[in-house]
Amino acid sequence: MSALLEVEELQVTFGGRTAAVRGASFRVEKGETHCLVGESGCGKSVTALAVMSLLARGGHRSAKRMSFAGTDLTSLSDREMARLRGNRMAMIFQEPMTSLNPAFTIGSQMAEVLTRHKGGSRAAALDRAAELMGRVGITAPGMRLGQFPHQLSGGLRQRVMIAMALMCDPELLIADEPTTALDVTVQAQILRLLANLKREFGLSILLITHDLGIVARVADHVSVMYAGEVVERATTAELFRAPQHPYTRGLLSCVPVPGRVQRDKPLGSIPGVVPAIGAGFAGCAFRSRCAHADETCTRAIPRRPAGDAHDYLCRLAPDWAELQPA
Amino acid sequence: MTAAIEVENLRCEFRVHTGLMSAEKRVIAVDDVTFSVPAGSVLGIVGESGCGKSTLARMILGLLKPTAGTVLVDGKRLFDLDRKARARLIQPVFQDPFASLNPRRRIKDIVALPLEAQGTFTRGEIDRRVAGILERVGLSAAMGERMPSQLSGGQRQRAAIARALVLEPRIVICDEPTSALDVSVQAQILNLLADLRRDLGLTYLFISHNLAVVEHVASEVAVMYLGRIVERNETDALFREPGHPYTKALLESVLTPEPGRGVPDIGLGDVMPDPANIPPGCRFNPRCRIAVERCRHEAPTRMVRPPQGMVECHLA
Numbered sequence: 005m006s007a008l009l010e011v012e013e014l015q016v017t018f019g020g021r022t023a024a025v026r027g028a029s030f031r032v033e034k035g036e037t038h039c040l041v042g043e044s045g046c047g048k049s050v051t052a053l054a055v056m057s058l059l060a061r062g063g064h065r066s067a068k069r070m071s072f073a074g075t076d077l078t079s080l081s082d083r084e085m086a087r088l089r090g091n092r093m094a095m096i097f098q099e100p101m102t103s104l105n106p107a108f109t110i111g112s113q114m115a116e117v118l119t120r121h122k123g124g125s126r127a128a129a130l131d132r133a134a135e136l137m138g139r140v141g142i143t144a145p146g147m148r149l150g151q152f153p154h155q156l157s158g159g160l161r162q163r164v165m166i167a168m169a170l171m172c173d174p175e176l177l178i179a180d181e182p183t184t185a186l187d188v189t190v191q192a193q194i195l196r197l198l199a200n201l202k203r204e205f206g207l208s209i210l211l212i213t214h215d216l217g218i219v220a221r222v223a224d225h226v227s228v229m230y231a232g233e234v235v236e237r238a239t240t241a242e243l244f245r246a247p248q249h250p251y252t253r254g255l256l257s258c259v260p261v262p263g264r265v266q267r268d269k270p271l272g273s274i275p276g277v278v279p280a281i282g283a284g285f286a287g288c289a290f291r292s293r294c295a296h297a298d299e300t301c302t303r304a305i306p307r308r309p310a311g312d313a314h315d316y317l318c319r320l321a322p323d324w325a326e327l328q329p330a
Numbered sequence: 408m409t410a411a412i413e414v415e416n417l418r419c420e421f422r423v424h425t426g427l428m429s430a431e432k433r434v435i436a437v438d439d440v441t442f443s444v445p446a447g448s449v450l451g452i453v454g455e456s457g458c459g460k461s462t463l464a465r466m467i468l469g470l471l472k473p474t475a476g477t478v479l480v481d482g483k484r485l486f487d488l489d490r491k492a493r494a495r496l497i498q499p500v501f502q503d504p505f506a507s508l509n510p511r512r513r514i515k516d517i518v519a520l521p522l523e524a525q526g527t528f529t530r531g532e533i534d535r536r537v538a539g540i541l542e543r544v545g546l547s548a549a550m551g552e553r554m555p556s557q558l559s560g561g562q563r564q565r566a567a568i569a570r571a572l573v574l575e576p577r578i579v580i581c582d583e584p585t586s587a588l589d590v591s592v593q594a595q596i597l598n599l600l601a602d603l604r605r606d607l608g609l610t611y612l613f614i615s616h617n618l619a620v621v622e623h624v625a626s627e628v629a630v631m632y633l634g635r636i637v638e639r640n641e642t643d644a645l646f647r648e649p650g651h652p653y654t655k656a657l658l659e660s661v662l663t664p665e666p667g668r669g670v671p672d673i674g675l676g677d678v679m680p681d682p683a684n685i686p687p688g689c690r691f692n693p694r695c696r697i698a699v700e701r702c703r704h705e706a707p708t709r710m711v712r713p714p715q716g717m718v719e720c721h722l723a
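Heads up: the protein sequence lines correspond to chains A and B, in order.
Per the working numbering, residue 5 is the first one in the first sequence, and the count goes up by one each step.
Per the working numbering, residue 408 is the first one in the second sequence, and the count goes up by one each step.
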């Protein structure tokens, strides 16, 4: 398998001081769903925005390597990047209402994506929009094309965003918390849709989420982020079977699992809060919350391999007994 | 055992204008809701957005007058009590600790406000109580000196809990108390709420859209759909053997962290529930995959479901 998106040692700073991403590395293989998982402030959204070259003013990115389908993204001009964005790589966000223009109809916003990138007539673009709306499970697409965003429910709006992202037949879809604002029932429908589209269109998906339930059900590979670093990478099956980083283990113990509830026992939890990382910080960012921390954690931390596609950032050696396939 | 909350045939209607020329419409947000919560237990309320769960909470808190029906809190009619007495009895904890705390006051002043509003506590007594409750929810005295913007989401929710408990109420209405928080913090707050309930003998009404969380905290669960409770039962029974097809769909849509299971087809279709247009017959019928002819014109009646529950479905 070859990687569609490769990110190595990505650094993002804002105003030269705050380090939002500190050397994150991951690869999204062709046709797979890769999840970036972590809590708020861990840098997962900033990572996605850096890939898309959409950082807010004052944001600065640098990377040892950042390539998309063989193209070096760091060397592209704004113009060249704009040609790629929305075309070969598309993005959807958490709150579809803020990503849609309230003053234009769904149809005109969808058609613009295609005419802007690929040219062609508006009528042909509207046909394509209607076809894709059907594909993402919107009934009566003809009527919806003439409606405005506020006339649609949250679930429908997110479907419109997905259809819009597919207008130019992209290779990579970046989805930043696409179901967080939706009801659980609608969430299941949207995630199922994304899984089907991945199969039908041969899409690669970079899915950003804080929800380990979503990760388990849709991801092929996972990168766990903490304080701007990828602290553990593994296949989904292995990450859940044999997590190695203390943060990953802690995160998994926090999630209540239906059917396995012990009401009188407390949930696992991680004490403390995510620390603010300033310039000149060295060592493990998780050490202030970690039960295994000692003085070596203030020095540089090695990335330890724990199998073929599994590594993590910790002073502790892997638990090989746990890593043996069951 | 006395019931901490008793709700009978509760109903809430809103009148809304849908457009310039269109007629006034009636939205029935809560429709004939009846339940009781024994003292010291936790009733979980689940349902999608717009199902009326927050409207129900507001009526139980006395913030909204019901169109019909009665609410008894600790055996007393809420509307017979004045605000101060109500505040000593029942308190809310809301979803968003960023919105529910005054950004321009220190944490300890925010927590002290319910005591000051009573007008019967001395300054010394107020300071003593505030210090005690802050410590109890895991906030240091130094945190009390800070402004809300200087606290993390979890710490703010602790402050909101402290404010709710400082008057030593019997009952706390938790409306999505952990939905805005990260999972590691959510677990801390859920554990704190569980400890406080045990130690202080509190009763909770716990509203959430997260069924996994509700299963963890509640002893009994009510499922709301378009203003009605369509199923209610002891938590274990409801999760093991859901009777209503909507409860089943809700349970199936919970994505447990089990790799390889994929995302289930919950089969609800893309008709979204609209409280301004409640369908005739069973209100769930347009989304129900097992609906039969009868469901389209005849509303189901409340049926007993063992061990302690009820369900409203022709086919349960």
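For the record, the hints were derived by calculation from the structure and aren't laboratory data.
Glycine is no exception: its CB is placed at the ideal position from the N, C-alpha and C atoms.
You may find that some hints are simply not true.
Unchecked claim - Computed far set for chain A versus chain B, every beta-carbon distance over 12 angstroms:
1. G159
2. T240
3. A241
What the hints assert, rightly or not - Calculated lysine-lysine pairs in the DSBU-like style (CA-CA distance at most 35 angstroms, straight line):
4. B/K655 / B/K491
5. B/K472 / B/K432
6. B/K472 / A/K269
7. B/K432 / B/K655
8. B/K432 / A/K202
9. B/K472 / B/K483
10. A/K269 / B/K432
11. A/K68 / A/K269
12. A/K269 / A/K202
Hint by hint, here is what the structure shows:
no. : hint            : result
1   : G159            : violated (7 angstroms)
2   : T240            : violated (5 angstroms)
3   : A241            : violated (5 angstroms)
4   : B/K655 / B/K491 : violated (42 angstroms)
5   : B/K472 / B/K432 : holds (19 angstroms)
6   : B/K472 / A/K269 : violated (38 angstroms)
7   : B/K432 / B/K655 : holds (32 angstroms)
8   : B/K432 / A/K202 : violated (43 angstroms)
9   : B/K472 / B/K483 : holds (15 angstroms)
10  : A/K269 / B/K432 : violated (48 angstroms)
11  : A/K68 / A/K269  : violated (46 angstroms)
12  : A/K269 / A/K202 : violated (40 angstroms)
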